[in-house]
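S.K.: Chains as they are written, first to last, in our numbering: chain A, 12 to 135; chain B, 12 to 135; chain C, 12 to 135; chain D, 12 to 135.
Heads up, a few of these hints could be off.
Treat identical chains as interchangeable: a pair holds within one or across any two.
Said to hold, decoys possible - Mimicking DSSO-like on lysine-lysine, the simulated pairs with C-alpha atoms at most 27 Å apart in a straight line are:
1) K64 x K118
2) K118 x K28
3) K54 x K28
4) K54 x K103
5) K54 x K95
6) K54 x K94
7) K118 x K54
8) K105 x K54
9) K94 x K28
10) K118 x K105
11) K28 x K105
12) K54 x K64
13) K103 x K64
Calculated directly from the structure, the hints in this document are not laboratory data. Remember, predicted model here, so these are calculated numbers, not experimental data.
Number of protein chains: 4
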Amino acid sequence: MIIIDFHSRVPLYEQIKEQIMLLVQQGLYQPNDQLPSIRVLSKQLRLNVNTVKRALGELEEMGVTYSLPGRGVFVSENALGNKKIKQDAAAKLKTAMQSAKAKGLSKQEVETLTAAVFAGKPNS
Amino acid sequence: MIIIDFHSRVPLYEQIKEQIMLLVQQGLYQPNDQLPSIRVLSKQLRLNVNTVKRALGELEEMGVTYSLPGRGVFVSENALGNKKIKQDAAAKLKTAMQSAKAKGLSKQEVETLTAAVFAGKPNS
Amino acid sequence: MIIIDFHSRVPLYEQIKEQIMLLVQQGLYQPNDQLPSIRVLSKQLRLNVNTVKRALGELEEMGVTYSLPGRGVFVSENALGNKKIKQDAAAKLKTAMQSAKAKGLSKQEVETLTAAVFAGKPNS
Amino acid sequence: MIIIDFHSRVPLYEQIKEQIMLLVQQGLYQPNDQLPSIRVLSKQLRLNVNTVKRALGELEEMGVTYSLPGRGVFVSENALGNKKIKQDAAAKLKTAMQSAKAKGLSKQEVETLTAAVFAGKPNS
DNA sequence: GTGGTCTAGACCACA
DNA sequence: GTGGTCTAGACCACT
Numbered sequence: 012m013i014i015i016d017f018h019s020r021v022p023l024y025e026q027i028k029e030q031i032m033l034l035v036q037q038g039l040y041q042p043n044d045q046l047p048s049i050r051v052l053s054k055q056l057r058l059n060v061n062t063v064k065r066a067l068g069e070l071e072e073m074g075v076t077y078s079l080p081g082r083g084v085f086v087s088e089n090a091l092g093n094k095k096i097k098q099d100a101a102a103k104l105k106t107a108m109q110s111a112k113a114k115g116l117s118k119q120e121v122e123t124l125t126a127a128v129f130a131g132k133p134n135s
Numbered sequence: 012m013i014i015i016d017f018h019s020r021v022p023l024y025e026q027i028k029e030q031i032m033l034l035v036q037q038g039l040y041q042p043n044d045q046l047p048s049i050r051v052l053s054k055q056l057r058l059n060v061n062t063v064k065r066a067l068g069e070l071e072e073m074g075v076t077y078s079l080p081g082r083g084v085f086v087s088e089n090a091l092g093n094k095k096i097k098q099d100a101a102a103k104l105k106t107a108m109q110s111a112k113a114k115g116l117s118k119q120e121v122e123t124l125t126a127a128v129f130a131g132k133p134n135s
Numbered sequence: 012m013i014i015i016d017f018h019s020r021v022p023l024y025e026q027i028k029e030q031i032m033l034l035v036q037q038g039l040y041q042p043n044d045q046l047p048s049i050r051v052l053s054k055q056l057r058l059n060v061n062t063v064k065r066a067l068g069e070l071e072e073m074g075v076t077y078s079l080p081g082r083g084v085f086v087s088e089n090a091l092g093n094k095k096i097k098q099d100a101a102a103k104l105k106t107a108m109q110s111a112k113a114k115g116l117s118k119q120e121v122e123t124l125t126a127a128v129f130a131g132k133p134n135s
Numbered sequence: 012m013i014i015i016d017f018h019s020r021v022p023l024y025e026q027i028k029e030q031i032m033l034l035v036q037q038g039l040y041q042p043n044d045q046l047p048s049i050r051v052l053s054k055q056l057r058l059n060v061n062t063v064k065r066a067l068g069e070l071e072e073m074g075v076t077y078s079l080p081g082r083g084v085f086v087s088e089n090a091l092g093n094k095k096i097k098q099d100a101a102a103k104l105k106t107a108m109q110s111a112k113a114k115g116l117s118k119q120e121v122e123t124l125t126a127a128v129f130a131g132k133p134n135s
């Protein structure tokens, strides 16, 4: 389910975080569902255990998952009701938008892009 | 004219690049205008010369500026007509936007953000 | 009577220990009273037998209970007269309190918390 | 300045976090002060670089510090105005207090302890 | 089996 | 020089 791009400059653990959040947001993992174990994930993704561990650790810090030592990692109750996550995403988006503006993209072009992205699956 | 945010996680040399491109984009620097010298810039911005050098070097590589050894650095004719630059920025923006959508940002929230970013100086 | 919080980071066997000590402390179990058998407890709490076994084993080691092989587990005479246990708890509490103070909690906030914790059943 | 107890069961990175927060809270490190580099700290404390890195990473996550790659780690503006830190400490204190109650400490004993802890340097 | 902690050491980007 | 990422592998506590 999770696909890692080893050539991307985005850190591997960030890619894992993103994709797991996506799976949760899509409802493929429900609250209190157990995620695959760290060891299983690391084998599937061909990554070191510590890299996966870091991803899950940060997801836990963000309130998306919780871990019970000796038992496993689980999806939190209000996994994505979290404000922090949205703020984070908004901040990153703003940075990208400012950069785009500096490089000559017009407001209209951005709006067209926005429409395109939000077309596929209506989200609001 | 150029403002560096020392608290930002964006590399200093990237900030310089962004800001110079923005100034060009806004027409404050016209094609064939001379930019301040590296030494002047590094003093103004209180940055290491190497950092400024790297920024200008990459701008030249991108075709935004050209340098005449012994004379200085100048703005290229087609400084921002370069399609590749815009495409790159657009691609990154799209990724950030998709991620933001996945994390629950609504289309409206993105539009509000767009308006905010493009508020300063109308651009389109 | 015993409630296990599966979401808590406190080990399950520690939770069992705590709760049994609390019941004894509150006088609901008198010295020489028999505790429910390990099997009964593990079914009630939906826990692995080994987890319950460990909890009772440690209680016995602490002198809170004693077991008569083939008969069951019983509350000791001087179950909580044991000074070492209290001292241990007091030391940990002190550490946590100092840390809380260092992080800006006021004396009043701690007192409010104390009142809340000791609210359920008056104890002194 | 920082003292690590290698025999404690508290994780080393937690000890580092605690002590740095303490130094900040005491005003020995002011906002925007630069902390010793990770490598220097790890040599001083005779710890692995990664352990120190983790401590500083979590402090950053908590908003106590911020790091500028290539430059160093610095104390945040409102390092300890942070609500999250207090909530964390309060939660830990509550757990310790419940445990103490279960082990027979009376409300009065806790209050005496509170008074003792908050005696040294008045904090509220 | 599970996750948590720690070490040792490599490589990268940034200033 | 700085911090950031990643790997490999050890040991521990808990279920």
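S.K.: Taking the hints in turn, state whether each one holds.
M.R.: Each hint tested on the structure:
For the identical chains of this complex, K64 and K118 are neighbours neither inside a copy (40 Å) nor across copies (31 Å), given an alpha-carbon limit of 27 Å. For the identical chains of this complex, K118 and K28 are inter-copy neighbours only, at 20 Å across copies versus 30 Å inside a copy, given an alpha-carbon limit of 27 Å. Proximity of K54 and K28 under a CA criterion of 27 Å is satisfied intra-copy only: 16 Å inside one chain copy versus 32 Å between copies. Taking identical chains as interchangeable, the C-alpha atoms of K54 and K103 are never at most 27 Å apart, the minima being 30 Å within one chain and 30 Å between chains.
With identical chains, the CA atoms of K54 and K95 are never at most 27 Å apart, being 30 Å at best within one copy and 35 Å at best between copies. Proximity of K54 to K94 under the C-alpha cut-off of 27 Å is found in neither arrangement, the shortest distances being 32 Å within a copy and 39 Å between copies. For the homomeric pair K118 and K54, neither the shortest alpha-carbon distance inside one copy (43 Å) nor that between copies (34 Å) is at most 27 Å. For the homomeric pair K105 and K54, neither the shortest alpha-carbon distance inside one copy (36 Å) nor that between copies (29 Å) is at most 27 Å.
Taking identical chains as interchangeable, the C-alpha atoms of K94 and K28 lie at most 27 Å apart whether they share a chain (16 Å) or sit on different chains (25 Å). Proximity of K118 and K105 under a CA criterion of 27 Å is satisfied in both settings, with 13 Å inside one chain copy and 14 Å between copies. In the homo-oligomer, the alpha carbons of K28 and K105 lie at most 27 Å apart both inside one protomer (20 Å) and across protomers (17 Å), since each shortest distance falls under that limit. When the C-alpha separation of K54 and K64 is checked against a cutoff of 27 Å, the pair qualifies both within a copy, at 12 Å, and between copies, at 26 Å.
For a Cα distance limit of 27 Å, the shortest separation of K103 from K64 qualifies both inside one copy, at 24 Å, and across copies, at 24 Å.
When the structure is compared with the earlier hints, violations turn up for hints 1, 4, 5, 6, 7, 8 and for no others.
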